[in-house]
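A.B. asks: So you can see what is in the structure, the chains are spelled out below.
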Amino acid sequence: MSAMCDVDLEIYAGQTLALVGSSGAGKSTVARCVTRLERPDSGHIWLDGIDIAQLSSRDLLPVRPKIQMILQDAVTSMNPRFSAAEVIEEPLRIQSASRSERRDISAAVMRDVGLPPEWLKRPILEFSGGQQQRVAVARALSTRPKMLVLDEALSGLDLSTQAQIANLLLDLQSARSIGYLLISHNLALVARMADALAIMSNGQIVETGAAQQILAEPKHAETQKLLASARAAESRFALASGASA
Amino acid sequence: MLEIRELSVTYCPASGDNVRALRNIRLEIRGSEIVGILGESGCGKSTLAHATLGLLPAHARIEQGEIFWQGRNLLGLPESELRAVRGRYISLVSQQPALSLNPVLTVGTQIGEVLRAHVPSARWERRDRVCELLGEVGFEQPNAVYDAYPHQLSGGQRQRIVIAQAVACRPALLIADEPTSKLDGLLSSEILTLLSELRKRYGTAIVVISHDPTLCAAFADRIVLMYAGRIVEAGNSAAVFARPLHPYTRALVGLMRSSTVAGVGAKISFPRIDGESPDPTTISIGCSFEPRCPERLEVCALRSPEDAVPEPSRCVSCFKYDESFPNA
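Same order as they appear, the protein sequences are chains F and A.
If you use the working numbering, the first sequence corresponds to residues 1 to 245, in order.
If you use the working numbering, the second sequence corresponds to residues 246 to 573, in order.
Check before you lean on any hint, since a few could be wrong.
[Said to hold, decoys possible] Rough simulated footprint, nothing fancy, chain F against chain A, three-plus residues with beta-carbon under 8 Å:
(1) 285 to 295
(2) 396 to 403
(3) 420 to 429
(4) 459 to 466
(5) 516 to 530
[To be verified] Heads up, incomplete: computed chain F residues facing chain A, CB under 10 Å, no partners named:
(6) 23
(7) 161
(8) 166
(9) 167
(10) 171
(11) 190
(12) 193
(13) 194
(14) 195
(15) 234
[As the list claims (entries may be wrong)] Quick list of in silico lysine-lysine cross-link-like pairs, DSS-like style, CA-CA up to 27 Å:
(16) 219(F) <-> 512(A)
(17) 512(A) <-> 146(F)
(18) 512(A) <-> 225(F)
(19) 66(F) <-> 512(A)
(20) 146(F) <-> 66(F)
What the hints contain is simulated information worked out from the structure, not anything from laboratory work.
Note that the coordinates shown come from a computational prediction; the quantities given were computed from them, not determined experimentally.
In this text, a Cβ means the ideal position worked out from N, Cα and C, and glycines have one as well.
Start from the sequences, fold in the hints, and give me the full structure.
C.D. replies: What follows is the structure, given as structure tokens:
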């Protein structure tokens, strides 16, 4: 079965491309190919001038630090017996960083995500949901990536926590010009985070362009459907809360 | 129909500190109403559902309180009697449909199991009844779906199977714990529509547990807001969202109004509520929202507020509305 075909996307340094579509559209397959957790059947994935699409796992080793991924419920991708330090230092250990280097970097990234470095020794399960997601961001930052793939990384969080993590990601992006591939079905989130937007349906990109323009004037039927559904939910809330829609 | 009185629950893990999950919960659910329990993760809303169904883990301790179901206190019942209530009169739709289904049994068999446990019937009768249920939850070819295994179905379809299980015995009360949090926008509204239809047709009361105010506003008749193990505000859903009283509710509604697709126009930061929920292992003597509250008074850090009833069928736990407290 073909999960996606002829997908063309470009992500620039310091910019966010949002990939939106209903469940099963193929968004996560794109994420898994871009991060080379899966090898695409054909095509090219250029990262800083290197085509990583068909690289062997050995050749990928020096490339992997440049592109990191954060998932929904990131804590489920962490070893529950690990401390925050072990979670954050794991990618560095794979990259054979020295012990003192690892210690310096983990303290620095903890500060970057707004957590006190003294908490590094705490077991990961003792952090709250929002703090665990911050640790996931810290782990991703530890290898100084040029690109982050955020696969529903903000879904399932409370509104307030979601806003805190989104603001953190926006600040980090402008400070270090990291490129983001944001996969989300939340258009309100996309509206605030994305520069460019691509709509995916049945394994293909059906509409792409500047985010604000697409949100203002959706052309493809799939885009219109997604926007209508988001607007319907918003206006139901506005109606229920008595505010004028 | 269901009445919870002064329920307090504490988790006492073998290692680590005790967690005070619920404190003095008072709640009444009436026949065929939809009640939304809204709160951040960790506020105790799932604990409340599990306590009602007698499904708390072994390290949970019920400190005090009663849960009355049709005149009987469920908390005092032996497991055998509780089992006759659970699934038959009160049922649960859990958060992760993938995890609550057995991967090696067909979905038809699994829905049939619920019937077999509560309603005596012959095997062939059960198959007909299960197919009827599959039709009710929106499957167009119930016979084909009957023989499917969970992995052959999509996330939205699996959620429908779990709902069919939950409504198989026509329960009087259905508790849905984050029924749509793993689904996208279109699928969520389909599931909510299905639940409202079932309520309309059979008069089933529904308690929906969610951290999403949009969902609660659109779906529930009445809203109960929880924060750090307590109920901070409750009332008619339209009234609560139109005129939120508790500072936490007000902050939340403000957040909702500003997180829309339209009218953003640029990449900008998100509005948020400053601070984090209190650590549930520490015992604060004051109001638990006090550290984050923009309208805090001196008294708020000193003792916790009583429920005030500023208008009929509305209650709010905040000193600002406490008439016996003149400085408020």
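A.B. asks: Confirm or reject each hint.
C.D. replies: Hint-by-hint comparison with the structure:
no. : hint              : in the structure
1   : 285 to 295        : holds (count 3)
2   : 396 to 403        : holds (count 3)
3   : 420 to 429        : holds (count 4)
4   : 459 to 466        : holds (count 3)
5   : 516 to 530        : holds (count 5)
6   : 23                : holds, 5 Å
7   : 161               : holds, 7 Å
8   : 166               : holds, 5 Å
9   : 167               : holds, 5 Å
10  : 171               : holds, 8 Å
11  : 190               : holds, 8 Å
12  : 193               : holds, 7 Å
13  : 194               : holds, 7 Å
14  : 195               : holds, 7 Å
15  : 234               : holds, 5 Å
16  : 219(F) <-> 512(A) : holds, 21 Å
17  : 512(A) <-> 146(F) : holds, 20 Å
18  : 512(A) <-> 225(F) : holds, 23 Å
19  : 66(F) <-> 512(A)  : holds, 24 Å
20  : 146(F) <-> 66(F)  : holds, 5 Å
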